[in-house]
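Each chain, letter by letter, is given below.
2 protein chains.
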Amino acid sequence: MFHSYCSATYRCYDEKADFNKKALGIAVGLTVGSWTDLPEAKKADMERHLGKVISVDVHEPDSSSGETVSERYADIRIAYPDLNFSRDIPALLVTVFGKLSMDGRIKLIDLSFSEEFLSGFQGPKFGLEGVRKLLGVPDRPLLMSIFKSVIGHDLPTLREQFYLQALGGVDLIKDDEILFENPLTPLEKRVEVCMEAAAQAEQETGQKLLYAVNLTGPTFSLLDQARKAIQAGANALLFNVLAYGFDVLNELSRHPDIKVPIMAHPAMAGALYPSAYHGISANVLLGKLMRLAGADIVLFPSPYGSVVMPREENMAIKQALLTENKADYMFNLQNGERTIKENTHSSSHQALSLRSSFPVPSAGIHPGLVPLILKDFGNQTIVNAGGGIHGHPMGTVAGGHAFRQAIDGCLAGQSLKTYALQHPELNAAIEAWGLRES
Amino acid sequence: MFHSYCSATYRCYDEKADFNKKALGIAVGLTVGSWTDLPEAKKADMERHLGKVISVDVHEPDSSSGETVSERYADIRIAYPDLNFSRDIPALLVTVFGKLSMDGRIKLIDLSFSEEFLSGFQGPKFGLEGVRKLLGVPDRPLLMSIFKSVIGHDLPTLREQFYLQALGGVDLIKDDEILFENPLTPLEKRVEVCMEAAAQAEQETGQKLLYAVNLTGPTFSLLDQARKAIQAGANALLFNVLAYGFDVLNELSRHPDIKVPIMAHPAMAGALYPSAYHGISANVLLGKLMRLAGADIVLFPSPYGSVVMPREENMAIKQALLTENKADYMFNLQNGERTIKENTHSSSHQALSLRSSFPVPSAGIHPGLVPLILKDFGNQTIVNAGGGIHGHPMGTVAGGHAFRQAIDGCLAGQSLKTYALQHPELNAAIEAWGLRES
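Protein chains in written order, with my numbering: chain S, 819 to 1256; chain H, 819 to 1256.
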């Protein structure tokens, strides 16, 4: 008889624990509760609800190797029967990391899903390709800008900021994530004036533009708020996913009335991913779960700018958002034979059914960093800047131009130092903030 | 002109940062964005949106004191104008810790609220007193038990477990937090058979009982699920708050159709509170925000049992859940004079308008720990046990009795060692698991 499982991988730090015993304790404790005490007849019944230890990789500290700091840890992978939880992210997270999160130094570092569990999710409604289609930009890296400042400003000021950003040739403009419903720039009015500014700019640039308006307020009213925004003309939504929960994103993204892409902001993510010993790693938090829950575009701290995340973690997020290989998301366990079937013939050639999410490495980005971003992310990324556009020595419009020039220069295979000679805006940006080509 | 503010306190670790500069960067960066560049006329306009540095307490490491590990950190308190965010927890959290959570080693260690912000919250609908009233138990510590195992069991088995727990004299029984909607024990059926078992037991014990059924599934259907459970007879709800978000708890608790107490489970909390360097401290996460969002009963890891939290953190949670002193929650800033008015005459004698939440230190509790629990929490607590009831050498019913005897013994001011001489169930429990009276 075949049962399907989702799997969770944990990194546990402990100086002397018996990690195999710990793994077994997790597999039993978070599923059927007890096993060895069960009568044999009952065991036959309960087997299909029992968690299974898939692997325990112990890393002993090696003092002889000259490593200065080295701690003993183990990566433990457990498979959890789908039978035990419903097809939603809260149920999965509570099962695999609810109680366990409080049990010493343990971090959730990966999740894989069964075909059955995945089938409960629609994923991004537009995804990377859908966003490109809306903008009519089939291949090049996109450019996004963020308002310079929003709090305390009125509609005309916001409109003016929006217009200047749009004139600079950006593809997307996002609200600041700290702009909530307020009397100066209420949601529907804000959408109206900004979309009007977008139309005006389009006449000059010939370019389409997505405006991601911040969806905020009480959870049970978010759908209505989103409908209002869309009715007013919004063509994208910004959402602080982690302040509301992954399931709210999932509820919004799968709803037929939400006919625009959703951009996930990483606000609060730093409460969860940076510790080595606790929390949830970035590839799960800002990668797999965001895509599963339906984020079309995902922002995260970059390894280049002001809010720094290690490059390796960034690449893991990128992989989680972009991979088309089903094996990266899937977990297969042939229960009877206890044979792990992942990464083998059957699944490795299959395409993941989820659309991909646009990765947006963010914070502290200026034109001189574009070569690094494109080196790491290729064309499938959105270059995102705030201060790097508004703080341009020649002004906001020039700031947008400088970024577009940096992108064009890279795509043309040129050194930006050379390319800047013919492009004064890019040149000014590089003079102001420098250039890093490797 | 008077404006109101909420405040956030952070602990930042940094070997050499200028913490005063950092504090100013936070106060400006997370509100108006920039300040020194603003024209004077604009400053007058924007002042009311500007964050304010309230205090910066730098702790320099003192190598001469013989402390073995000592790191440089600062506690920074910033006041944020209410004008900048809406009256909901996601807006407050995104404002004070959205981007900032990703900015190095920084932990959110406290929050205080303006009168205006607090007025947007109803808090617990029943609270500690309301729960006591429902049960008809005015003063003694309550006793709660958890099902031994739930996954893979059918309705008759669950009913039997429930009945035995109820016979033991517990006041509350909670679902396991990992029990989701499933074909063996679906929500409404589960409620029906358990409430029937409760009624049956009540005929023997003469005791009322609350059954907290686990509210699960997609976020936008939770209200309907709760209505169904209540319709079927549920007299309490269990909710995995952190897997859904504080605002969902708030939406549920303030809804008029939710006519039963809500019990908040701490599942996933360990992803957020244990690190010294990142996340949100337990008093905020499992204390203030749970109460603000309307949890009538709050579970958290105890310092006594298997999932250990330092006692100091436990006492901070207790204080946050029980305090009646408005000053513990309030932040007052007389803007013009920059005088902090907290903890002074005006507010310290005022009662907090929020009902208190019942604190439930949990995990690994056995009867021999009751003296410690009551010493720390007094009578205003719920003693909560799973294995400590079901694993009793004389069985589940005796397990309940042993706990009630331990509570009675403590209330009678007796040493449990002596009290156990006349109470065989308590005696057996102490022989099995030991006794800690201090």
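Hints were generated in silico from the structure; no laboratory data involved. Treat the numbers as computed from the prediction; the structure is a model and nothing was measured. By construction, the Cβ of each residue, glycine as well, lies at the ideal position given by its N, Cα and C atoms. Check before you lean on any hint, since a few could be wrong.
[Said to hold, decoys possible] When the alpha-carbon atoms are kept at most 27 Å apart in a straight line, the in silico DSS-like pairs for lysine-lysine are as follows: (1) H/LYS1007 - H/LYS1046; (2) S/LYS1007 - H/LYS1046; (3) S/LYS861 - H/LYS966.
[Stated by the list, open to error] If we take Cβ atoms under 7 Å as the criterion, some of the chain S residues that face chain H in the derived model are: (4) VAL912; (5) ILE996; (6) HIS1096; (7) ILE1098.
[Said to hold, decoys possible] Stretches of chain H that chain S covers, calculated by requiring three or more beta carbons in the stretch to come under 8 Å of a beta carbon on chain S: (8) 846-853; (9) 1064-1078.
Here is what the structure says about each hint:
no.	hint	in the structure
1	H/LYS1007 - H/LYS1046	holds, 10 Å
2	S/LYS1007 - H/LYS1046	violated, 39 Å
3	S/LYS861 - H/LYS966	holds, 16 Å
4	VAL912	holds, 5 Å
5	ILE996	holds, 5 Å
6	HIS1096	holds, 5 Å
7	ILE1098	holds, 6 Å
8	846-853	holds (count 5)
9	1064-1078	holds (count 4)
Of the hints listed earlier, the one the structure fails to meet is number 2.
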